[in-house]
Amino acid sequence: MGKYSVIGKRVPRIDAKEKVMGQAKYAADYSLADMLWCKVARAPFAHAKILNIDTSKAERLPGVKAVITGKDFNGWTWGFMATTRDEPPLAVDKVRYLHEGVAAVAAIDEDIAEEACELIKVDYEELPGVFDPEEAMKPGAPVIHAYRPNNVSVEYHWNFGDVEKAFAESYLIREDRFETGRVVTGFLEPPASLAYYDPSGYITVWPAKQSPYFHYRHLAGCFRLPLSKIRVIQPYIGGGFGGTKNDSVAGDLCTVMLSKKTGKPVKFIYTMQEVLTTCRRRHNMTIYNKMGMTKDGILTAVESRVIGHGGAYTAIGPLTMFLTGYGTPVPYKLPNYKYDCWRVFTNNPVSAAMRGHGFTHTRFACDAQMGMMAEELGIDPVEIKMRNAIDNPKPGEVYKAVTGFKVKTCGIKEALKAVTEDTIWADRDKMPRQEGPVSYGVGLSGTAYHGGARQLGHQSCAATIRICEDGTVNLITGATDCGQGSDTVLAMIAAEELGVRYEDISIKRVDTAYTPVDPGSYGSRVTLLAGQATQFAARDAKKQLLEAGAKAWKVKPDDIEIRNAVVSLKTNPEKQMSFEKLTKIACYEGAGAVILGRGHSDYGIDEPLDFDHGTGEGGINFSFTAQTVRLGVDMETGKIDVHDFIIAHDAGVPLHPVSVESQNEGGAIQGLGQAIYECFVMEKGKTHNSTLLDYKMPRSTDVPDIKVIDIITNDPDGPFGAKEASEGSHVSTPPAVIDALHSATGVWFKELPVTPEKIVKALKEQGKWMK
Amino acid sequence: MLWAIRCEIGAIWSGRCEFQQVKIYINKTVQVPEIPSEVEIESGTLGKLLDDLLRTTYFAKEIIDPDTGDLLLDGLLRVQLNGVSHYGLPNGLDSVLHDGDTLTLTLILLGGG
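Note that the protein sequences, when read in sequence, are chains R and H.
Number 54 in our numbering belongs to position 54 of the first sequence; there are no gaps in the numbering.
Number 63 in our numbering belongs to position 63 of the second sequence; there are no gaps in the numbering.
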């Protein structure tokens with residue numbers, strides 16, 4: 001890292017001052033003169049036919065300017081790909097989940113808009129609902145979508161190697177049922193947008209989106225306008241984590257339609273209750289996992305049958321189910337693998353993507369099951385992981401998984417070594433095991449995640465570098481920093497490549513009228529793909545600058561170097577000029593010039609994803625994470641106190657160590673919530689815990705001490721060797737917590753979250769409850 | 001020209017061209033129940049085959065322009081004939097199909113986690 005001037009340095013975040021000083025403007029902070037407010041009227045049934053909607057009373061309410069229903073959208077529906085676009089902005093013929101939008105109002109203030117929603121009279125014919133996916137798959141179950149009469153939204157059946165033969169030859173086979181929780185992302189900023197449909201036919205929106213170019217395409221499709229007439233201006237984003245902010249919500253489309261009808265700007269802000277009852281949530285999954293091993297604990301086969309609780313619409317579910325199976329062959333060598341999955345429609349709110357997308361389910365099941373088998377075989381839990389872990393390929397070589405994807409660098413063994421040499425694991429037997437009713441345990445996990453998500457040319461991205469004549473630099477990308485720190489990292493990459501100071505870079509937020517198209521923030525792709533585009537753009541600009549400098553000094557461009565904003569001659573370092581002077585020469589000499597550098601990502605995808613067969617490359621490279629957890633369990637009340645996380649994460653090369661650490665910490669804390677706190681309490685489609693008071697996320701006082709250890713593998717396919725950092729620790733935390741709970745209580749818990757009630761129940765069943 | 005080539009494939013009866021049945025293999029990256037893995041058709045064009053395959057699917061409204069009735073493939077499906085994108089074929093969607101050709105339909109994903 002010593003060879004770099006900026007990369008690897010602990011610089012302050014580029015947007016820190018604006019955020020700390022309260023100067024950053026979020027979607028809800030924007031307003032325009034004569035602006036109206038939008039509210040969505042929602043259904044009181046989870047499954048019902050819409051017989052009639054009477055909006056006349058609402059329209060007559062003073063202050064109401066327009067009312068729309070689903071029919072205003074002329075049958076337009078949206079979804080992740082052409083075959084699954086089944087979701088309308090507002091329900092038209094029937095509602096499929098409780099509180100689905102059926103109409104929307106624009107009024108002069110929020111209160112009037114809300115009152116008008118209550119005046120909309122909808123005649124429904126309630127239909128029987130189905131809320132459990134396994135019930136929904138049975139013949140005769142209520143049908144949610146006519147195009148899927150069996151309620152199976154998507155299903156895949158993959159088979160690699162010879163699973164039956166491998167099981168027949170295995171020394172030990174285990175079959176377990178696991179379940180992951182129904183959880184929400186937990187962003188602080190709810191969905192919001194200000195929209196203006198210009199009467200001349202242009203749409204401008206200021207929405208809270210972590211992937212604004214999806215919304216841009218949705219608006220073009222919904223309003224049948226060319227993309228050039230859609231302008232999305234990106235405010236600061238208050239957290240994303242996938243799902244809702246990677247998609248459009250009813251309010252997004254209704255505000256534009258209401259603006260079109262009224263000719264005025266229209267704004268909406270969802271309440272947190274709307275977020276918790278109607279927005280995207282993670283698929284909870286039931287995983288029937290069968291694992292085989294030799295007597296020495298070597299993996300022979302895994303067979304996973306997974307049922308994904310899909311909710312009312314498809315959304316991004318096909319990719320979720322793909323990734324759930326895709327992640328099983330890493331980070332352990334797996335020679336035989338079978339995966340059968342079904343994503344099932346129910347009358348619950350829609351399930352979609354979330355941090356740790358897909359991988360989090362099956363990695364939890366496989367890692368926990370591996371621990372159980374180590375116990376049965378009498379093999380040390382570290383040893384069994386090390387025996388199966390993928391080796392770090394030598395430079396130029398690759399590890400090819402049974403499904404065909406390739407791994408070029410793998411730090412899992414080094415990560416496992418690092419966390420188990422740390423005192424939390426190494427000295428675990430020296431620490432007290434029992435203090436009063438509290439039993440202590442230390443657990444271990446080793447997992448992986450995929451970064452740089454990309455498919456075909458449609459998810460390419462670009463960057464432009466504009467050199468200003470005062471020596472400062474504008475970096476223009478379509479990438480979105482939704483809080484993860486990517487603007488900082490992209491600015492660091494630009495500074496390093498150009499040879500200027502980090503503080504000389506100014507990065508522009510997305511404005512689709514000017515910034516290049518970019519897929520958005522998901523799949524841990526921004527640092528890798530927008531980072532590479534930035535790298536190329538900076539090199540292009542630098543080439544032009546060096547040519548101008550070479551002309552001025554009468555040398556070759558290669559004779560000149562730029563470092564820390566100082567330009568010098570390689571053969572005579574005393575000969576110098578400032579970067580600012582070089583930019584003036586480049587911009588003003590002769591006929592003058594405008595120095596623009598441009599680049600686009602070109603990390604290839606060898607093979608596109610084949611959803612039906614489980615093959616293909618979903619992105620660029622894999623991160624690897626090992627984690628230990630130390631916790632205490634009150635054996636009377638079941639209360640858990642988590643004391644320590646040690647996380648060793650292979651992010652290739654940490655470009656901005658502060659961001660790598662904070663992303664690992666954030667991912668792990670969110671994973672802790674899913675391991676022991678969070679879950680929607682549902683009954684017949686109703687979300688009972690629809691406030692953040694009742695939906696329990698970890699608070700600052702629940703957060704353990706966290707130590708992050710960097711594992712350096714220097715990947716050939718990441719800018720400056722980088723891989724993802726954030727989703728990996730989210731995936732590694734639940735299995736490490738489960739292992740620690742087993743260590744403390746002697747019980748293997750297989751359903752997330754492991755709440756105190758579940759602990760007490762299990763302790764009672766096993767005669768371990770301490771009264 | 002195309003007519004002449006196609007006539008070589010078929011039998012010629014009194015100056016009239018008779019077309020052969022051709023088998024086309026179809027690869028998909030995601031399940032679409034209405035689209036089989038192979039079809040036997042009278043020789044025709046890539047565009048005609050796509051029209052026949054896609055117009056009756058449950059997602060037809062996504063790929064048929066409501067005004068013109070034409071197929072809309074951009075941003076929805078990547079179409080390849082024997083591994084070559086239809087944009088790269090000299091005759092594009094008018095390319096004549098031959099026995100044993102492979103059509104690959106890749107769903108384009110507009111979205112991410």
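Treat the hints loosely; a few may be bogus.
Straight-line Cα separation of at most 27 Å, DSSO-like style, residue types lysine-lysine; simulated pairs [to be verified]:
{"hint": "1", "chain 1": "R", "residue 1": "LYS570", "chain 2": "R", "residue 2": "LYS639"}
{"hint": "2", "chain 1": "H", "residue 1": "LYS48", "chain 2": "R", "residue 2": "LYS400"}
{"hint": "3", "chain 1": "R", "residue 1": "LYS9", "chain 2": "R", "residue 2": "LYS406"}
{"hint": "4", "chain 1": "H", "residue 1": "LYS28", "chain 2": "R", "residue 2": "LYS49"}
{"hint": "5", "chain 1": "R", "residue 1": "LYS761", "chain 2": "R", "residue 2": "LYS771"}
{"hint": "6", "chain 1": "R", "residue 1": "LYS138", "chain 2": "R", "residue 2": "LYS49"}
{"hint": "7", "chain 1": "R", "residue 1": "LYS394", "chain 2": "R", "residue 2": "LYS333"}
{"hint": "8", "chain 1": "R", "residue 1": "LYS9", "chain 2": "R", "residue 2": "LYS508"}
{"hint": "9", "chain 1": "R", "residue 1": "LYS684", "chain 2": "R", "residue 2": "LYS707"}
{"hint": "10", "chain 1": "R", "residue 1": "LYS57", "chain 2": "R", "residue 2": "LYS138"}
{"hint": "11", "chain 1": "R", "residue 1": "LYS94", "chain 2": "H", "residue 2": "LYS61"}
{"hint": "12", "chain 1": "R", "residue 1": "LYS229", "chain 2": "R", "residue 2": "LYS508"}
{"hint": "13", "chain 1": "R", "residue 1": "LYS639", "chain 2": "R", "residue 2": "LYS768"}
{"hint": "14", "chain 1": "R", "residue 1": "LYS696", "chain 2": "R", "residue 2": "LYS290"}
{"hint": "15", "chain 1": "R", "residue 1": "LYS260", "chain 2": "R", "residue 2": "LYS295"}
{"hint": "16", "chain 1": "R", "residue 1": "LYS570", "chain 2": "R", "residue 2": "LYS581"}
{"hint": "17", "chain 1": "R", "residue 1": "LYS295", "chain 2": "R", "residue 2": "LYS413"}
{"hint": "18", "chain 1": "R", "residue 1": "LYS229", "chain 2": "H", "residue 2": "LYS61"}
{"hint": "19", "chain 1": "R", "residue 1": "LYS584", "chain 2": "R", "residue 2": "LYS290"}
{"hint": "20", "chain 1": "H", "residue 1": "LYS28", "chain 2": "R", "residue 2": "LYS260"}
{"hint": "21", "chain 1": "R", "residue 1": "LYS165", "chain 2": "R", "residue 2": "LYS400"}
{"hint": "22", "chain 1": "R", "residue 1": "LYS406", "chain 2": "H", "residue 2": "LYS28"}
{"hint": "23", "chain 1": "H", "residue 1": "LYS28", "chain 2": "R", "residue 2": "LYS71"}
{"hint": "24", "chain 1": "H", "residue 1": "LYS28", "chain 2": "R", "residue 2": "LYS261"}
I should point out that these hints are in silico values taken from the structure, not numbers from a laboratory.
ask   = LYS28(H) and LYS71(R): Cα distance at most 27 Å?
value = Given that 27 Å is the threshold and the Cα spacing comes to 34 Å, the pair is violated.
ask   = Between LYS9(R) and LYS406(R), does the CA-CA distance stay at or below 27 Å?
value = violated (31 Å)
request  = Quickly compare the C-alpha distance for LYS165(R) and LYS400(R) to 27 Å and report which way the hint goes.
outcome  = holds (21 Å)
ask   = Given the hint that LYS584(R) pairs with LYS290(R), does the C-alpha gap stay at or below 27 Å?
value = violated (67 Å)
query = Does LYS290(R) lie within 27 Å of LYS696(R) when you go C-alpha to C-alpha?
reply = Measuring from Cα to Cα gives roughly 32 Å; hence the hint is violated.
ask   = Does the alpha-carbon distance linking LYS138(R) and LYS49(R) stay inside the 27 Å limit?
value = Between LYS138(R) and LYS49(R) the Cα gap is close to 22 Å, so the pair holds against 27 Å.
Hinted pair LYS684(R) and LYS707(R), Cα distance within 27 Å = With Cα atoms ~42 Å apart, LYS684(R) and LYS707(R) exceed 27 Å; violated.
task = Would you mind confirming whether the straight-line C-alpha gap from LYS761(R) to LYS771(R) stays at or under 27 Å?
result = Answer holds: LYS761(R) to LYS771(R) is near 13 Å, not above 27 Å.
message = Checking one constraint from the list: CA of LYS48(H) to CA of LYS400(R), max 27 Å. Satisfied?
response = With a Cα-Cα distance of about 40 Å, the restraint between LYS48(H) and LYS400(R) is violated, given a limit of 27 Å.
inquiry  = Given the hinted pair LYS229(R) and LYS508(R), is their Cα-Cα distance within 27 Å?
reply    = holds (21 Å)
task = Take a quick look at whether LYS94(R) and LYS61(H) sit within 27 Å of each other, Cα to Cα.
result = holds (19 Å)
inquiry  = Just to be careful, I want the Cα atoms of LYS394(R) and LYS333(R) compared with a cutoff of 27 Å; is the pair within it?
reply    = holds (16 Å)
Checked against the numbered hints given earlier, the structure breaks hints 1, 2, 3, 4, 9, 10, 14, 15, 19, 20, 23, 24 and satisfies all the rest.
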